[in-house]
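Engineer: For reference, the chains in residue letters:
Number of protein chains: 10
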Amino acid sequence: MLFLVRMDVRIPHDLPAEQVNEIKAREKAYSQDLQRDGRWKSIWRVVGEYANYSVFDVASNDELHQLLQGLPLFPYMQIAVTPLAQHPSAI
Amino acid sequence: MLFLVRMDVRIPHDLPAEQVNEIKAREKAYSQDLQRDGRWKSIWRVVGEYANYSVFDVASNDELHQLLQGLPLFPYMQIAVTPLAQHPSAI
Amino acid sequence: MLFLVRMDVRIPHDLPAEQVNEIKAREKAYSQDLQRDGRWKSIWRVVGEYANYSVFDVASNDELHQLLQGLPLFPYMQIAVTPLAQHPSAI
Amino acid sequence: MLFLVRMDVRIPHDLPAEQVNEIKAREKAYSQDLQRDGRWKSIWRVVGEYANYSVFDVASNDELHQLLQGLPLFPYMQIAVTPLAQHPSAI
Amino acid sequence: MLFLVRMDVRIPHDLPAEQVNEIKAREKAYSQDLQRDGRWKSIWRVVGEYANYSVFDVASNDELHQLLQGLPLFPYMQIAVTPLAQHPSAI
Amino acid sequence: MLFLVRMDVRIPHDLPAEQVNEIKAREKAYSQDLQRDGRWKSIWRVVGEYANYSVFDVASNDELHQLLQGLPLFPYMQIAVTPLAQHPSAI
Amino acid sequence: MLFLVRMDVRIPHDLPAEQVNEIKAREKAYSQDLQRDGRWKSIWRVVGEYANYSVFDVASNDELHQLLQGLPLFPYMQIAVTPLAQHPSAI
Amino acid sequence: MLFLVRMDVRIPHDLPAEQVNEIKAREKAYSQDLQRDGRWKSIWRVVGEYANYSVFDVASNDELHQLLQGLPLFPYMQIAVTPLAQHPSAI
Amino acid sequence: MLFLVRMDVRIPHDLPAEQVNEIKAREKAYSQDLQRDGRWKSIWRVVGEYANYSVFDVASNDELHQLLQGLPLFPYMQIAVTPLAQHPSAI
Amino acid sequence: MLFLVRMDVRIPHDLPAEQVNEIKAREKAYSQDLQRDGRWKSIWRVVGEYANYSVFDVASNDELHQLLQGLPLFPYMQIAVTPLAQHPSAI
Numbered sequence: 001m002l003f004l005v006r007m008d009v010r011i012p013h014d015l016p017a018e019q020v021n022e023i024k025a026r027e028k029a030y031s032q033d034l035q036r037d038g039r040w041k042s043i044w045r046v047v048g049e050y051a052n053y054s055v056f057d058v059a060s061n062d063e064l065h066q067l068l069q070g071l072p073l074f075p076y077m078q079i080a081v082t083p084l085a086q087h088p089s090a091i
Numbered sequence: 001m002l003f004l005v006r007m008d009v010r011i012p013h014d015l016p017a018e019q020v021n022e023i024k025a026r027e028k029a030y031s032q033d034l035q036r037d038g039r040w041k042s043i044w045r046v047v048g049e050y051a052n053y054s055v056f057d058v059a060s061n062d063e064l065h066q067l068l069q070g071l072p073l074f075p076y077m078q079i080a081v082t083p084l085a086q087h088p089s090a091i
Numbered sequence: 001m002l003f004l005v006r007m008d009v010r011i012p013h014d015l016p017a018e019q020v021n022e023i024k025a026r027e028k029a030y031s032q033d034l035q036r037d038g039r040w041k042s043i044w045r046v047v048g049e050y051a052n053y054s055v056f057d058v059a060s061n062d063e064l065h066q067l068l069q070g071l072p073l074f075p076y077m078q079i080a081v082t083p084l085a086q087h088p089s090a091i
Numbered sequence: 001m002l003f004l005v006r007m008d009v010r011i012p013h014d015l016p017a018e019q020v021n022e023i024k025a026r027e028k029a030y031s032q033d034l035q036r037d038g039r040w041k042s043i044w045r046v047v048g049e050y051a052n053y054s055v056f057d058v059a060s061n062d063e064l065h066q067l068l069q070g071l072p073l074f075p076y077m078q079i080a081v082t083p084l085a086q087h088p089s090a091i
Numbered sequence: 001m002l003f004l005v006r007m008d009v010r011i012p013h014d015l016p017a018e019q020v021n022e023i024k025a026r027e028k029a030y031s032q033d034l035q036r037d038g039r040w041k042s043i044w045r046v047v048g049e050y051a052n053y054s055v056f057d058v059a060s061n062d063e064l065h066q067l068l069q070g071l072p073l074f075p076y077m078q079i080a081v082t083p084l085a086q087h088p089s090a091i
Numbered sequence: 001m002l003f004l005v006r007m008d009v010r011i012p013h014d015l016p017a018e019q020v021n022e023i024k025a026r027e028k029a030y031s032q033d034l035q036r037d038g039r040w041k042s043i044w045r046v047v048g049e050y051a052n053y054s055v056f057d058v059a060s061n062d063e064l065h066q067l068l069q070g071l072p073l074f075p076y077m078q079i080a081v082t083p084l085a086q087h088p089s090a091i
Numbered sequence: 001m002l003f004l005v006r007m008d009v010r011i012p013h014d015l016p017a018e019q020v021n022e023i024k025a026r027e028k029a030y031s032q033d034l035q036r037d038g039r040w041k042s043i044w045r046v047v048g049e050y051a052n053y054s055v056f057d058v059a060s061n062d063e064l065h066q067l068l069q070g071l072p073l074f075p076y077m078q079i080a081v082t083p084l085a086q087h088p089s090a091i
Numbered sequence: 001m002l003f004l005v006r007m008d009v010r011i012p013h014d015l016p017a018e019q020v021n022e023i024k025a026r027e028k029a030y031s032q033d034l035q036r037d038g039r040w041k042s043i044w045r046v047v048g049e050y051a052n053y054s055v056f057d058v059a060s061n062d063e064l065h066q067l068l069q070g071l072p073l074f075p076y077m078q079i080a081v082t083p084l085a086q087h088p089s090a091i
Numbered sequence: 001m002l003f004l005v006r007m008d009v010r011i012p013h014d015l016p017a018e019q020v021n022e023i024k025a026r027e028k029a030y031s032q033d034l035q036r037d038g039r040w041k042s043i044w045r046v047v048g049e050y051a052n053y054s055v056f057d058v059a060s061n062d063e064l065h066q067l068l069q070g071l072p073l074f075p076y077m078q079i080a081v082t083p084l085a086q087h088p089s090a091i
Numbered sequence: 001m002l003f004l005v006r007m008d009v010r011i012p013h014d015l016p017a018e019q020v021n022e023i024k025a026r027e028k029a030y031s032q033d034l035q036r037d038g039r040w041k042s043i044w045r046v047v048g049e050y051a052n053y054s055v056f057d058v059a060s061n062d063e064l065h066q067l068l069q070g071l072p073l074f075p076y077m078q079i080a081v082t083p084l085a086q087h088p089s090a091i
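Residue numbers (our numbering), protein chains in the order written: chain Y, 1 to 91; chain R, 1 to 91; chain W, 1 to 91; chain Z, 1 to 91; chain D, 1 to 91; chain H, 1 to 91; chain P, 1 to 91; chain F, 1 to 91; chain A, 1 to 91; chain L, 1 to 91.
If we strip away everything but chain Y, and leave its shape as in the complex, we get (with noise of 0.2 Å):
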């Protein structure tokens, strides 16, 4: 079953600098572990910001909550889930 989510990376410029590499370094682990197992289809940059589009494939909304808010950048993060159906064009 699959989501699109926009995530929003909103940093606080008072965070110390190591505190922030450590969470960026341990984000990127995270993501490339669940873009393993297939759960985390697509990650793309979005032009100009700092934010990501994704395509997530789960099984159910809980699995996909689960999964978001184990984010270690959740805490700074906006995040904007839409659920996709098959299109009926899609071959």
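Just so you know, not all the hints are guaranteed correct.
Said to hold, decoys possible - When the alpha-carbon atoms are kept at most 20 Å apart in a straight line, the in silico EDC-like pairs for lysine to aspartate or glutamate are as follows:
#1 H:Lys41 / H:Glu27
#2 H:Lys24 / Z:Asp14
#3 Y:Lys41 / P:Asp57
#4 P:Lys24 / F:Asp14
#5 L:Lys41 / L:Glu27
#6 Z:Lys41 / W:Asp62
Quick caveat, the hints were computed from the structure, so don't treat them as lab data. Here the structure is a predicted model, which is why all the values come from computation and not from measurement.
Got chain Y; can you put chains R, W, Z, D, H, P, F, A and L on it based on the hints?
Structural biologist: What follows is chains R, W, Z, D, H, P, F, A and L alone, placed relative to chain Y:
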């Protein structure tokens, strides 16, 4: 799997009254069938508006889209879907 | 009398972690008390967001405001209240 | 129980003038009946707009929706309802 | 001359509690003085929000601004003013 | 007492041209009468839009609403009114 | 080069049904041709809406505009284009 | 003096095709005349939309409004004008 | 050449009071100098807000930006500029 | 390939002045290097705002994102990118 759905109805004022009544009658029957089979769990009128908030319980995004697209009023509605997950404080 | 309530939580990132945890613990207890006495009928997590949609069943606007204002997270939440009425198609 | 209600009137310009006048006459009578029985406590024109702010005093959400849905201009209005509570500074 | 005024209070979370309490006490006294002299005709809490809708009856725009600007909470509020006129259906 | 008023004109494209011209001629005369008697102090075109910003000087909200409601283009305009007060830096 | 495109379809309700059907048939064929040649990489229905999110893979902005402008439903769609870039966490 | 102008075209779908074509032909000639005399410096299509961004170089606000108001598509466009100034980093 | 300018002031609450007062004193002097030389034609307080609407009469966009950028409160203001033109109904 | 880019700068007021100046100096040098090599074709100040509109000429979305992400002010800017195409009326 639960979804909160808001439907705002906008029927063009120049649609013939009998056509509108026929669509509304089919809409009501369609809605009540889905309520009886448990997939349209709740439906509430938004006070002061020709709109409703509903909760759907379906197995997938595709099933939800099929149900919504089949609404007789679908061509005259603006619909917004919010996927819901289990809340950690829910008892 | 039913109300749909959306609560978006925005905790300032410089609030001490122990204070946040203490507030959250009180929030959970407060919410579960109201769920048990039947006034907080439903609570769902919005997928991907630190937010919930809830349905309250109260006797008056004043009662609802007292409940919401008493939430331990109230100072850190943006709350939107939608009054609901019986829908003519509800079975 | 008090509610602040804003009503914006949007009458399609191709509705026949006599039909519009007849609806407005019924609207006025309907409004004045409710003002006399105390449920439509106040009505003010928004300066420069075909709109009003009103205060309703009703026993329930359902009663308010019945009153609003019965407005002759209901099909041509956009209505926004805000539930009000007692303010702690009110004397 | 009537005005509908909405005030949304946003107190920074790092303002010391005693300072907040002192401001709120002055705010309450200030509001009640104006209610007693008839210029602050009504004040209602918006359910679920740290906000109010109020009706003011003043002789001029300048008088209204002086009253609002003098609110002890003025630096921490977002205020929206809507001028009201007599409604032709008002009895 | 001053008010800033923005008027956006939206004439339906299927209104007959002679009717539009007749309305515009009456609008111009109406506006110029009010400019001459000093109540419509200023009127400026918004560059690139069929819209104007105007400053009105009237004795009350009711007087302003009567003037605006009497505009021949009133049924085809969206109007926004901002009450103005004396600025402490004005010389 | 990837672009995320959202298309919202708004067909006027007074367009003859056969004309609508003919446009939709051409739209489907047009879309499937582009999917087969690899430039229209993905198309998903937005649940509950007459809308889709699509990913296009084209050589230039001009090529993308030509593809979109050629859509048989183009005159009846609102389209929003977001340019995408490689994400540093993508595997 | 430079201005950035965005024009969004919204032609009613029930305007006869020959009338639309005639307007568009005049629009193109009008635009190209102004491009040749240097006042309409640039015009770009917004990808995926019936809209353009343009840069105008004119001597005054009044001149710009005269140019825009004279556009054959003016009655069917929504126009937004942004005044531009010299940027300190421009070479 | 006229411009309507709206300025909304947002001073961070943790700026020292003496610094704020010194900025405001310079702002007032700066504004009054420009009012005296005729370029800042009008300034009005928006009722209930820490904001003003002003009319500027300048020779160019660049001149206007220089004036606005030089405001002592510039770093703490949100400014919106609307270019104005002669209105055909102005007398 | 052309893109219109709007950048709004929001520097936190508690960033030390010397740090801000150092960032701005690097920003200016960075911008002028890109203007000289032809990829940053135009940059204009938005009148009254700490913002600019710019036109970039790049070979790909990825190249544009690299340029924008490298801006010394990138962490303090909100950026919006609009892809542009050849306009059929352009000469």
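Engineer: Decide, hint by hint, whether the structure agrees.
Structural biologist: Hints, one by one, checked against the model:
Distance check on the hinted pair: H:Lys41 and H:Glu27 sit about 16 Å apart at the alpha-carbon level, within 20 Å; holds. Restraint check: the Cα-Cα separation between H:Lys24 and Z:Asp14 comes to about 19 Å, which is no more than 20 Å; the hinted pair holds. Between Y:Lys41 and P:Asp57 the alpha-carbon distance is near 17 Å, which keeps this suggested pair within the 20 Å criterion. Simply put, P:Lys24 and F:Asp14 have alpha-carbon atoms about 19 Å apart, close enough for the 20 Å limit, and the pair holds.
Of the supplied pair hints, the one linking L:Lys41 and L:Glu27 holds, its CA atoms being roughly 16 Å apart against a limit of 20 Å. For the proposed pair Z:Lys41 and W:Asp62, the alpha carbon gap of about 18 Å is at most 20 Å, so the pair holds.
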